[in-house]
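Could you put the whole structure together from the sequences, leaning on the hints where they help?
Chains as they are written, first to last, in this note's numbering: chain A, 1 to 524; chain B, 1001 to 1433.
Just so you know, these hints were derived from the structure itself, not from any lab.
Bear in mind the structure is a predicted one, so any value in this text is a computation, not a measurement.
Ideal Cβ placement from N, Cα and C applies to all residues, glycine included.
Treat the hints loosely; a few may be bogus.
[Claimed, not checked] What the simulated footprint calls covered on chain A by chain B, stretch by stretch (three residues with Cβ under 8 Å from a Cβ of chain B suffice, anywhere in the stretch; the number is not a length):
| # | segment |
| --- | --- |
| 1 | 201-207 |
| 2 | 438-447 |
| 3 | 507-521 |
[Said to hold, decoys possible] Partial selection, computed: residues in chain A whose CB lies under 8 Å from chain B:
| # | residue |
| --- | --- |
| 4 | GLY361 |
| 5 | PRO378 |
| 6 | THR380 |
| 7 | MET493 |
[What the hints assert, rightly or not] Now the in silico label distances, taken between C-beta atoms and shown as ranges:
| # | chain 1 | residue 1 | chain 2 | residue 2 | range |
| --- | --- | --- | --- | --- | --- |
| 8 | A | ASP62 | B | GLN1218 | 28 to 34 Å |
| 9 | B | GLN1188 | A | THR172 | 47 to 53 Å |
| 10 | A | ARG98 | B | GLN1218 | 28 to 34 Å |
| 11 | A | ASP257 | B | ALA1352 | 40 to 46 Å |
| 12 | B | ALA1140 | A | ASP290 | 49 to 55 Å |
| 13 | B | GLU1210 | A | ALA412 | 32 to 38 Å |
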Amino acid sequence: MRYRTLQVIGALVWGSLVAVVVLPVEAQSGPSSSAADRERAWAMAERVDQALRSRWQAAGIDVAPVADDSEFLRRVYLDLTGSLPPVTVTRRFLADPRPGKRRELVDKLVHSPRFAAHMAAVWRRILVPRSLEPDQVPNAVGFERWLEQQFAARARFDHIVADLLTAEGDGTRGPALYYASLEAKPEKLAASTAANFLGLQIQCAECHDHPFDHWKQRDFWGYAAFFAQLQRPADNLPGNFVVADTDSGEVYLPGTDEVVPPRFLSGELAPNDGYGTRRARLAIWMASRDNPYLPRAAVNWAWFLLFNRGLVHPADDHGAHNPPSHPEVLDELTEFFIASGFDWSLLIQTLASTNAYQLSGKGPTDTVPPEAFARHLPRTLDAETLFDIILQVAGQNASPSASGINARILDANRIQFVLRMQAANSREPTRYERGVPQALLLMNGPLIDQLTSPQSSRLLQAVGAPFFSDEQRLEAVFLATLCRFPTETERRMCMNYIDQAADRSSALGDVLWGILNSAEFCLN
Amino acid sequence: MVRLERRRFLRAVLAGGTVGSCAGWFAPLVRALQGHPARRRRCVVLWMAGGPSHLDTFDPKPGHANAGDLGDRPTSVAGLRIGELLPRLAQWAHRLAPVRSLSTREGDHTRATYAVRTGRRPGGPIADPDLAALLGKELASQSSDLPHSVSIDPPVFINPAAFSPGFLGASHASAVVGVLGEAEEGGQSFPRLGLDYLEGLTQRRTWRKEWLQWLESQYVESRKSENALAHQVAYQRALRLLESPAAKAFSLEQEPDQVRERYGKSVFGQGCLLARRLLEQDVPFVEVCLGSRELSWDTHNDNFSRLRKLCEELDTAWSALLQELDERGLLEETTLLWIGEFGRTPAINQNAGRDHYPDAWSCVFAGGGIRGGQAFGKTSAGGEEVVEGKVSQADVLATLAAALGVDPARENITPLGRPVKLFDGTPIRDLLT
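The following block contains the structure:
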């Protein structure tokens, strides 16, 4: 959609032929990367590893061991597809002796349909971090499907952003949810787009100048002015919100009658030549060379999504006051991302192909600062992903596919679960905390209760087939949830319990109950 | 940022290290023995969903056209009069302090609920924690098995952000007690209140618990990351709660029938009884909501007959709570605040109703830390505007904090590293002991 805008932007930005590669390119949507892409990704990954390694050596930092195949497999599946690997895939991967199998898997996953769907979900959560109201759910479907199409077509990331900034229409087929969630208010759109696409926290300047802030009140309102000519949603009708530009509308310096004209964050006023809407002008600037922020911010988000902490941390707060932990890595990756034509998939593939990404979460912890990236930092899974993988484990959703967005988001149980699990609006949109009510819900709630009782759990029914031994059943439960075999101690604990139980499949349900509630399952 | 994270990390480690040592029923005793070094009180908020009419409750204007048919009544304090629909509370006036001069800016339920519960303007850049999270956090004692903040039947649907721990995170979210249906008890029917999913885990509980704890310790020991620890701590607390004798506080059926009836058979009545039981178990913050289902106080039509019913429910339950807290020596240790999101128009509309009105309205303080027996502030003869002692919602919240023994200027640090005061207002000195 909106190819017209893309063409306008394409003609204006980058001044090179790269920019013309806007529409989906068939050759790129095959099952794996071209050899050239793969080589570039791997070469870049090497350079990232070199840079991290020289820091570790200089600082004498103990580095975690490389993760074993199980830890890596679970991590990369969750990070790139938001799902767990099927048991057959896990068995095959664990048994595969080839040294190159990890990079090969990354290559395959990045090109799977599930990757685009997952990236859509991730970006929807970044952009609309709060729990969805029930009446917004159809718009969430529309937004995710729109994003999924962009990622599946390997649209340039800067063009996805530009398209989002010029989107029109209702929420069922596009990104209107984003505008509705921000009430289409200039100040809210300004704060959100600056933080998420530029990595800049300018909203502190909304009310007045701060002595130590780089951004002044006039900068904020000049930027907000790009969103001043939008229709606002009628009260109480967020579900029906349609994004549309109007001919008029200005922003004023708070407490004054002074109109603030639209001005880019690079300092120039937007040309007043009557050509294009204000949003289109912003979109053009967003995707232009004059905007140094967008690619850096995107690279940092990609890093954040795989390493669970940005090179700049918090991920949406770039600036002299908050320097990156590895400026040389951020610079080089940004160059790489620009040269690749803002290829988000290739960027993710590159980072997932580093040795650093393969480090274990185990190892020296107390003494090593997290910003050294000398071990994997686990993250608490978001409520939606947790719900999805619990269902997947239970066999309710055995073959995750890209077409599942509708069914997934519209699932009433999922909406309820997410509302209860996601009590907090945390600053980093992909960071979650759980408290006692959430633990109670997981331990005693109907979801896990159903999935761990032999009468209703398809997993338990499937492994309950008579030709399996109890040990094999135990193994299958571990592989389906944690992607690993039970340790000797675990095997002994569980088998002792199962052997003494009156009802052996209920006992296996208890094993599953413990695993689904464990940190190992709920974190990645 | 790094420094802050480490501090949070340490706190989580410490919390993990001290749990399980001291059962909940024991904590009140320990505190009594220590003689309350911090002198902090417990807090009860009575949240009136929809916005109660000030003229028909605590700021009566008998004889004025705006009053309709309603008059006022004398109280246990000479010279202090309240609405005629609150006869039992009138007997407690020496412990009550109505504030008749609240003046706020938000006249829409969603925005006003946020403003009153956080003390801040809605729509700002920070996800502000609500008063349940802020005060629960300040008053929390690590040794209790029970949540440090409990909300009974809150109208979350009005605006989830107004019932949220905001940037403080889920570990400070108040535990929501919902209405789980009706229950027949002793031939009578009461609404059944409960913490969701507190029942359960009975089957094969011992092994499940041991197994889970083993899995947790294996994982967490090998990677002491902040979120792995947070997961472990949340589960430890939840498991402790499931097995704690203190969790019996949630079992209202343990109360004799006449006690249950004293509070009234309403959700609010039984909620006030539950509040008393939770306070006895040292839960430091409890809020009980009246009218959450239908925003009952939102009386755009038929105000007077609806007020009669609402006030009966309120009068019965609140006076029973005051009496029982007093009998147990807990009233002096507990500060109460009665408040909704705004008041209602003094002028009666054509549907015999009253509409939203933030310009001039009332809330009421009661109990410990409060100079009872006086009304603070004054509205004009018809109740339309504040003529004396104008205060904001932030002032009211700051007063509540001060009465509890919490400095309202204490700061929380947002994840962005910005210090934010609990409440920006100024405590009303005249109301504090």
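Hints, one by one, checked against the model:
| no. | hint | verdict |
| --- | --- | --- |
| 1 | 201-207 | holds (count 4) |
| 2 | 438-447 | holds (count 7) |
| 3 | 507-521 | holds (count 10) |
| 4 | GLY361 | holds, 5 Å |
| 5 | PRO378 | holds, 5 Å |
| 6 | THR380 | holds, 5 Å |
| 7 | MET493 | holds, 7 Å |
| 8 | A:ASP62 - B:GLN1218: 28 to 34 Å | violated, 21 Å |
| 9 | B:GLN1188 - A:THR172: 47 to 53 Å | holds, 50 Å |
| 10 | A:ARG98 - B:GLN1218: 28 to 34 Å | holds, 30 Å |
| 11 | A:ASP257 - B:ALA1352: 40 to 46 Å | holds, 43 Å |
| 12 | B:ALA1140 - A:ASP290: 49 to 55 Å | holds, 51 Å |
| 13 | B:GLU1210 - A:ALA412: 32 to 38 Å | holds, 35 Å |
Hint compliance for this structure: hint 8 alone is broken.
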